[in-house]
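A.B. asks: Listed below are the residues making up each chain.
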Amino acid sequence: MTLTHYVVLAAILFSIGATTVLVRRNAIIVFMGVELMLNATNLALVTFSRMHGNLTGQVLAFFVMTVAAAEVVIGLAIIISIFRTRRSASVDDVNLLKG
Amino acid sequence: MIASLTSAGQTTTGEAILFWILAIVMVLAAFGLLFARKAVHAALSLVVVMIGLAFMYVAQDAPFLGVVQVVVYTGAIMMLFLFVLMLVGVDASDSLTETLRGQRWIAVVGGLGLLVVLVGVVGRAHYGAATGLTDANADSNPVALARVVFGDYPFALEVVGALLITAAVGAITLTHRRRLSPRVTQRDRSEARVLDGTIAGKPVPGVYARHNAMDVPALGPDGQPIDASVSRVLRVRGQEADAEEYAARIDRVLAGDWANAPATGVEAAALPGASSIEESGQTAEIADEGAVAAAKEQS
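Those protein sequences? They're chains A and B, same order as listed.
Just so you know, we're using my numbering here: the first sequence kicks off at 1 and counts up by one.
Just so you know, we're using my numbering here: the second sequence kicks off at 1 and counts up by one.
Hints are not guaranteed to be accurate.
[To be verified] Selected chain B positions facing chain A (in silico; Cβ < 10 Å):
hint	residue
1	L145
2	Y153
3	L157
4	T166
5	L180
6	V194
[To be verified] Stretch-level coverage of chain B by chain A, calculated; a stretch enters the list once three of its residues show a Cβ under 8 Å from a Cβ in chain A:
hint	stretch
7	21 to 33
8	69 to 77
9	224 to 235
Because the hints were derived from the structure by calculation, they are not lab data.
We put the beta carbon where it would ideally sit given N, CA and C, even for glycine.
Let's have the full structure, built from the sequences with the hints guiding it.
C.D. replies: What follows is the structure, encoded as structure tokens:
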């Protein structure tokens with residue numbers, strides 16, 4: 001087994017996350033799809049770090065995790081405030097700007 | 001530290017076994033995210049994927065990131081997701097109606113296309129022999145990482161700190177709700193109850209001779225079910241027991257029938273001792289129905 005397997009697994013997880021974002025309607029599950037994509041890129045970064053014997057990839061994965069935490073906090077706060085005003089967590093119901 | 005890669009860039013057999021087991025479990029759990037009907041199930045399957053990723057980080061000579069993955073992702077982020085799921089409500093299941101026709105299939109085809117392109121490019125690329133992290137991790141992985149973070153990227157670290165503070169303040173601002181009505185204290189509630197005439201408190205569910213469960217509405221003095229006695233959550237979920245059915249049972253018992261049987265003429269005639277129930281109320285099987293009947297007559 002070579003390290004390519006890890007990168008292929010990261011690609012598969014990224015595709016599943018992207019499909020989740022496109023298919024699901026519940027805003028929270030859509031958000032989980034984004035998280036899965038971020039995790040897949042982290043796996044690819046760690047694998048590349050090991051391939052090249054350079055720790056910068058791991059540091060970048062660490063920064064990605066931090067930014068993902070901030071992003072989740074803000075995104076969930078937005079979902080909660082939308083739910084308070086519209087009583088719905090579905091991405092289809094946010095259509096006030098539609099003509 | 002033992003070298004985890006052979007000179008040709010191959011992994012050890014143990015790591016290969018770990019990879020294949022974890023990869024299968026993780027891909028299946030990721031499909032759970034795609035297909036789970038309830039949002040809580042999707043969240044739990046994402047937890048499985050993240051813990052599998054933590055195992056893989058540790059196996060790939062990144063123990064610090066493995067621990068951070070467990071603490072930050074599964075410990076903090078996914079628990080935040082579960083908190084929000086509980087806040088948003090128990091009926092947060094996905095709607096199946098399509099507002100854009102064919103959007104689901106187009107999305108699936110797009111995802112498959114992305115998969116083919118990514119795996120095709122990444123799987124066929126030539127990377128050269130892998131170096132491994134044995135030299136870079138000579139003074140343990142966290143020490144080496146700290147040298148890179150604080151030596152090469154101190155500015156990025158400060159920016160990330162500012163970002164985290166901004167995110168925390170932003171989350172507080174977004175979820176803050178100004179109180180529009182004065183706070184209802186316990187004293188206000190009790191005074192309102194006295195004025196309302198219901199000093200004894202609101203009815204609780206299940207105070208009923210046959211059924212003592214949370215989902216059974218209480219019966220008023222008139223024998224009618226009190227809807228307010230069942231928890232609102234149960235009613236939203238559709239798990240409330242049928243109040244009409246329990247009221248109808250009382251009527252059937254008062255009419256001298258079994259509680260559960262439909263009151264058809266043939267079955268009522270076939271019941272053994274159906275007429276003596278009202279008089280004696282001693283039969284062990286239907287003693288509770290008799291108690292209900294007695295309670296109703298008293299009221």
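A.B. asks: Tell me, which hint numbers fail for this structure?
C.D. replies: 5, 6, 9
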